[in-house]
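Q: Line order of the protein sequences matches chains A and B.
Going by the working numbering, the first residue of the first sequence is number 469, and it counts up by one from there.
Going by the working numbering, the first residue of the second sequence is number 1106, and it counts up by one from there.
These are computed hints drawn from the structure, not numbers from a lab.
One or more of the hints may lead you astray.
What the hints assert, rightly or not - Take a look, some chain B residues computed to stay more than 12 Å from chain A by CB distance: (1) L1133; (2) Q1157; (3) C1223; (4) P1225.
Unchecked claim - Taking lysine-lysine pairs in the BS3-like style, the calculated list, with each CA pair at most 30 Å apart, reads: (5) K1212/B / K600/A; (6) K1212/B / K614/A; (7) K1212/B / K1142/B.
For glycine and all other residues, C-beta sits at the position ideal for the given N, C-alpha and C.
For reference, the chains in residue letters:
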Amino acid sequence: MRIPYRPLAIGLVTLAFSALVLARAQAGDRHFFAPVADPVVKEECGSCHLAFAPSMLPARSWQRMMGELDNHFGDNASLDAATAEKITSYLVANAGDAGGQRYSSKLLKGVAAGAAPQRITELPKWVSEHRKVPDWEWRHKEVRTKANCVACHTAAEQGSYDE
Amino acid sequence: MKNMLVVTSGIVAMILSTATLAGPREDLLAQYAAAAKATGFSAARGQALHTQSFSGGKPDTPSCTTCHGKDTRGAGRALTGKTIEPVAASVTPTRYTDPAKVEKWFKRNCAEVLGRECTPQEKGDWLTFVIGQ
Ligand code: HEC
Ligand code: HEC
Ligand code: HEC
């Protein structure tokens, strides 16, 4: 069989181009927080709640959280050491301040340099973005808790907080 | 004729794949049976464990049904609002096929609900109940 190189090459170029456009659109969109892509992190950190986007907290926060999994907001979320280490590296590598950049994510504005906040829902910027959400909405039975992002941001699993 | 062959081998493959899916579950039950020195497991006792209210665990999670729901074939809900796939093996066929996952959640959830680990007998009863659902 003769492999049709030309169509194949064109196809690849098109694919690469649309990936580029998509990446640009996402980088430019301040409502986009890349969702967890690692299947292990998704399974271990996404079974009790949405697997929160690593860019929503700084690396220090993830390091501290991963060291205290046996008392994780009142739950025991502990893991074997090897899995925990793997997850920590993923979260740290994709954290909001990864690679020494000054907070890639707007959500981290106002977080003190040495602080390791444990809750996204207590970040000053998160609080101000949600100040207009009325009290009854937080207590709605479909919401239950502020950490249930998906109840209001239906595309949160895909990283979009646009609506 | 050729089509027949394809269909037949398709069916054989399907049977084989369900057979391999049933494998890990049976291994798990055999392990629990050996540890419990049990003569057998009972779905009725498993159901009782599933629906009973305990007071030894956390006050906001008195029973398995708090999160997994009263209907084994319907979705459950974690306290954080996240949906949990039904526990009935007939509805969620991927369930109870990864022994490490099963053990991890027995450990977490029994501590939350009963305030202690579940015994091998309880685990075997509960699994027998939901596998039969
Ligand atoms: C056994 C269940 C469970 C597992 C597993 C789990 N969590 Fe949690 N997590 C919780 C609970 C409960 C809360 C508190 C939610 C609330 O306040 O409503 C929480 C809250 C959080 C929060 C703070 C949310 C906020 O309010 O901003 C973060 C961040 C978080 N978890 C990250 C993780 C990571 C990372 C992992 C994986 C290593 C993980 N979780 C695994 C149960 C779990
Ligand atoms: C009760 C509903 C509700 C819940 C739960 C909720 N949000 Fe929001 N969120 C909103 C509303 C409403 C806005 C404001 C939208 C606006 O003003 O354009 C918002 C805005 C945002 C924005 C800013 C987007 C923008 O338009 O600038 C981000 C980021 C965000 N939420 C993240 C989260 C995260 C992360 C969680 C979970 C930890 C969460 N939200 C939980 C309702 C909610
Ligand atoms: C606090 C909420 C909560 C309670 C209470 C709870 N579970 Fe769970 N359970 C979960 C979550 C979350 C998962 C993981 C998500 C999934 O498997 O869909 C899970 C998974 C499991 C699994 C693993 C299923 C698999 O596919 O391998 C078993 C076994 C289990 N639970 C047993 C129990 C038993 C027995 C009880 C009562 C003693 C109980 N659970 C009570 C939340 C809970």
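Q: Against chain A, does Q1157/B hold up as non-interface, every C-beta pair farther apart than 12 Å?
A: holds (21 Å)
Q: Is the nearest Cβ of chain A still more than 12 Å from the Cβ of P1225/B?
A: holds (20 Å)
Q: Taken at face value, is the distance from the CA of K1142/B to the CA of K1212/B at most 30 Å?
A: Roughly 20 Å separates the two Cα atoms, so the pair holds.
Q: Would you say C1223/B is clear of chain A, with no C-beta pair closer than or equal to 12 Å?
A: holds (15 Å)
Q: Going by Cβ atoms, does L1133/B stay more than 12 Å from chain A at every point?
A: holds (19 Å)
Q: Has the given pair, K1212/B with K614/A, been kept, meaning a C-alpha gap of at most 30 Å?
A: The hint holds at about 27 Å.
Q: Hinted pair, alpha-carbon criterion (30 Å max): K1212/B, K600/A. Please report holds or violated.
A: violated (40 Å)
Checked against the numbered hints given earlier, the structure breaks only hint 5 and satisfies all the rest.
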